[in-house]
Amino acid sequence: MAYVAVKGGEAAIANAHGWMAERRRGDPEVPALSTRQVEEQLGLAVDRVMAEGACHDRGLAALAIKQAQGDLIEAAFLLRAYRTTLPRFGHAAPLDTGAMRVQRRISAVFKDLPGGQLLGPTLDYTHRLLDFALAAEKEAPPEPAAEIPGDAAGRLPRVADFLVREGLMRREADSGQEPPDLTRDPPDFPASRAARLQNLARGDEGFLLSLGYSTQRGYGNNHPFVGEIRQGKVAVRFTPPELGFEIEIGAITVTECEMVNQFQGSKSEPAQFTSGYGLVLGRGERKAMSMALVDRALKAGELGEDRTAPAQDEEFVLMHSDNIEATGFVEHLKLPHYVDFQSELEVIRRMRSTAGTSATGSEA
Amino acid sequence: MSHDPGYNFAYLDEGTKRMIRRTLLKAVAIPGHQVPFGAREMPLPYGWGTGGIQVTASILGRDDTLKVIDQGADDTTNAVSIRRFFARVAGVRTTTRTAEATVIQTRHRIPEAPLREGQVIVYQVPMPEPLFRLEPRLAETRRMHALADYGLMHVKLYEDIARHGHVSTAYNYPVMVGGRYLMSPSPIPAFDNPKMDHMPALQLFGAGREKKIYAVPPYTSVRSLDFEDHPFRPHRADGTCAFCGARDSYLDEVVCDDQGSRMFICSDTDYCESRWEPEQ
Numbered sequence: 001m002a003y004v005a006v007k008g009g010e011a012a013i014a015n016a017h018g019w020m021a022e023r024r025r026g027d028p029e030v031p032a033l034s035t036r037q038v039e040e041q042l043g044l045a046v047d048r049v050m051a052e053g054a055c056h057d058r059g060l061a062a063l064a065i066k067q068a069q070g071d072l073i074e075a076a077f078l079l080r081a082y083r084t085t086l087p088r089f090g091h092a093a094p095l096d097t098g099a100m101r102v103q104r105r106i107s108a109v110f111k112d113l114p115g116g117q118l119l120g121p122t123l124d125y126t127h128r129l130l131d132f133a134l135a136a137e138k139e140a141p142p143e144p145a146a147e148i149p150g151d152a153a154g155r156l157p158r159v160a161d162f163l164v165r166e167g168l169m170r171r172e173a174d175s176g177q178e179p180p181d182l183t184r185d186p187p188d189f190p191a192s193r194a195a196r197l198q199n200l201a202r203g204d205e206g207f208l209l210s211l212g213y214s215t216q217r218g219y220g221n222n223h224p225f226v227g228e229i230r231q232g233k234v235a236v237r238f239t240p241p242e243l244g245f246e247i248e249i250g251a252i253t254v255t256e257c258e259m260v261n262q263f264q265g266s267k268s269e270p271a272q273f274t275s276g277y278g279l280v281l282g283r284g285e286r287k288a289m290s291m292a293l294v295d296r297a298l299k300a301g302e303l304g305e306d307r308t309a310p311a312q313d314e315e316f317v318l319m320h321s322d323n324i325e326a327t328g329f330v331e332h333l334k335l336p337h338y339v340d341f342q343s344e345l346e347v348i349r350r351m352r353s354t355a356g357t358s359a360t361g362s363e364a
Numbered sequence: 001m002s003h004d005p006g007y008n009f010a011y012l013d014e015g016t017k018r019m020i021r022r023t024l025l026k027a028v029a030i031p032g033h034q035v036p037f038g039a040r041e042m043p044l045p046y047g048w049g050t051g052g053i054q055v056t057a058s059i060l061g062r063d064d065t066l067k068v069i070d071q072g073a074d075d076t077t078n079a080v081s082i083r084r085f086f087a088r089v090a091g092v093r094t095t096t097r098t099a100e101a102t103v104i105q106t107r108h109r110i111p112e113a114p115l116r117e118g119q120v121i122v123y124q125v126p127m128p129e130p131l132f133r134l135e136p137r138l139a140e141t142r143r144m145h146a147l148a149d150y151g152l153m154h155v156k157l158y159e160d161i162a163r164h165g166h167v168s169t170a171y172n173y174p175v176m177v178g179g180r181y182l183m184s185p186s187p188i189p190a191f192d193n194p195k196m197d198h199m200p201a202l203q204l205f206g207a208g209r210e211k212k213i214y215a216v217p218p219y220t221s222v223r224s225l226d227f228e229d230h231p232f233r234p235h236r237a238d239g240t241c242a243f244c245g246a247r248d249s250y251l252d253e254v255v256c257d258d259q260g261s262r263m264f265i266c267s268d269t270d271y272c273e274s275r276w277e278p279e280q
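These protein sequence lines map, in sequence, to chains S and L. According to full-length UniProt numbering, the first sequence is numbered sequentially starting from 1. According to full-length UniProt numbering, the second sequence is numbered sequentially starting from 1.
I should point out that these hints are in silico values taken from the structure, not numbers from a laboratory. As the structure is a prediction and not an experimental result, all values here were calculated from the model. Built from N, CA and C at the ideal position, the CB exists for glycine as well. Hints are supplied without guarantee of correctness; some may be wrong.
[Stated by the list, open to error] FRET-style restraints, in silico, Cβ to Cβ:
id, chain 1, residue 1, chain 2, residue 2, range
1, L, R93, S, F341, 30 to 36 Å
2, S, L243, L, A99, 52 to 58 Å
3, S, G59, L, H198, 26 to 32 Å
4, L, H198, S, E22, 50 to 56 Å
5, S, L333, L, D197, 29 to 35 Å
6, L, E159, S, Q67, 46 to 52 Å
7, S, R24, L, R84, 42 to 48 Å
8, S, L95, L, R116, 51 to 57 Å
9, L, D197, S, T239, 50 to 56 Å
10, S, L95, L, L147, 40 to 46 Å
Please model the complete structure; the sequences and the hints are all you need to start from.
Structure below.
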């Protein structure tokens, strides 16, 4: 029967999966990629998958990238689907990024500042010229850096703190409330700032980048300056209920960005600087900056600014930031819809026949 | 049959199942009301039925018999995939027979054979909010539900009638449940809406991406929105099933060649087979 072919079936699914597995492996003459290679040599992809997959595990992220053939959204989905099966013990103490062992720390608002500017590993001043030596696989071992400083240790004061102390910037107050967990609590609007930041931290980099960019082009402009970007390792501290005291359970690499934004003042608030905050797992500088821009834009309501731009619309931003949800719903359109389409066909035909009987002689 | 020992029975951990069952109880207690729940990421993508799968996983027992349909058919790719998922992680018996199933998970259809007491039908729901095309903001629609302020939807239907002479909504046709809550019946064709009214089976609705669950308890009034002078009329293609000759079932239209010839076949494959099997 002709129609059976369009109904799929078990054999077709198995064959499709088999073909995809073959595609994943590529030419068997070429040596297989190891997850260690992915982890070591595609580190920024690993970081992005960890951030959007909301799971800090480099090895698993590398495996996900390999399995997903480098499709990073698919890899993040694999990691999320794994993460959701893990038991939840509780939540860690807030990361103390002031005590970060920084590898990179820059400020765009002060030429020099306590702790100094520390460029760290960055592409910022490279020329984007294809390096054909890499293609020829005649890669020379990288020149040792002139001086490899140990990770800067000790507390590095934050730029935002200087401004707050001078009374020039709004102080961010800790509400003291138990933070929500967006993997457990369904979204509710208006959302708390904690819920908002959780959502942005695992939101799609591209989505946040475009929204952040839109604020710079006048859709909810908030005159941003990079107060500070820092990147490095931070200790994760947790209080197991059976111990009753805090212990360090490990250290993770994060990127933090604080934007300093102009604010004209309103009826209730004097003119001062305000801030937007971004924090991302791994080395995700572009995303941390985008997140900080969007976080600041979303403060429009509480600062009494007009909310006119998409980036200032909390429900719009938070409900559409997750690329796992977005990719699922967009791609589900390829599932069969012929029942609904059939009912639409009937309606259109009925409408056309109604229109055909009332109008005269326009039937083609 | 036994389930995959690497996973808890029916995939979800017991804590998650308990949370979903509590949500289901609340949903049954307030028919048609959308209850938020902490939907989990599932190993199938959003849009493929993650809400329905979570509901099914939470209510399945070892003695259940599961049927999964998509577009009315048991052999569509997604139905096959979800049925295999539960066969693997729950080890439950599966069937394609509507009458044999205790739990039926569906996308886009209600089986033609009437459901009975003791059966549960689980709908996969993409957009649980019936008002979302008219008002996308959840904060706003929540207020409208609280006040039973459904004027917007009535105006939409009225405008359809004024413009086209009849309502232009062909599927996902909004219903009033228990005379109180406006509800999305999920994208089933309007043809199926009357089956929901006073159905002896329990109807559960799961929306994973939107993190909402709602329910219609057995024997609850489910009325498709209409006007006295424009009563609701379910529609189907005016044809006969080429396989079983049914004139009362919902039909899929199959294009047979590039000359525009076509035939109609039952969308509900089990209904169709049950009608021609005895003759073989």
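Cβ distance range 50 to 56 Å for H198 (chain L) and E22 (chain S), holds or violated: holds (52 Å)
Starting from the range 30 to 36 Å, see whether the pair R93 (chain L) and F341 (chain S) falls in it by beta-carbon distance. holds (33 Å)
Per the hint of 26 to 32 Å, is the separation of the Cβ atoms of G59 (chain S) and H198 (chain L) within bounds? Because 55 Å falls outside the window, the suggested range is violated.
Between L95 (chain S) and R116 (chain L), does the beta-carbon spacing fit 51 to 57 Å? holds (56 Å)
Could one say that the CB atoms of R24 (chain S) and R84 (chain L) fall in the range 42 to 48 Å? Between R24 (chain S) and R84 (chain L), where Cβ atoms are some 21 Å apart, the hint is violated.
Does the Cβ distance between D197 (chain L) and T239 (chain S) fall inside 50 to 56 Å? holds (54 Å)
In this structure, is the beta-carbon distance linking L95 (chain S) and L147 (chain L) contained in 40 to 46 Å? Given about 43 Å between the Cβ atoms, the range holds.
Status of the given 52 to 58 Å range, CB of A99 (chain L) versus CB of L243 (chain S): Since the Cβ atoms of L243 (chain S) and A99 (chain L) sit about 56 Å apart, the hinted range of 52 to 58 Å holds.
Could you tell me whether the CB distance from E159 (chain L) to Q67 (chain S) stays inside 46 to 52 Å? Given a distance of about 50 Å, which is inside 46 to 52 Å, the answer is holds.
Has the hinted range 29 to 35 Å been met by the Cβ atoms of L333 (chain S) and D197 (chain L)? holds (30 Å)
The structure is inconsistent with the numbered hints 3, 7, although it conforms to all the rest.
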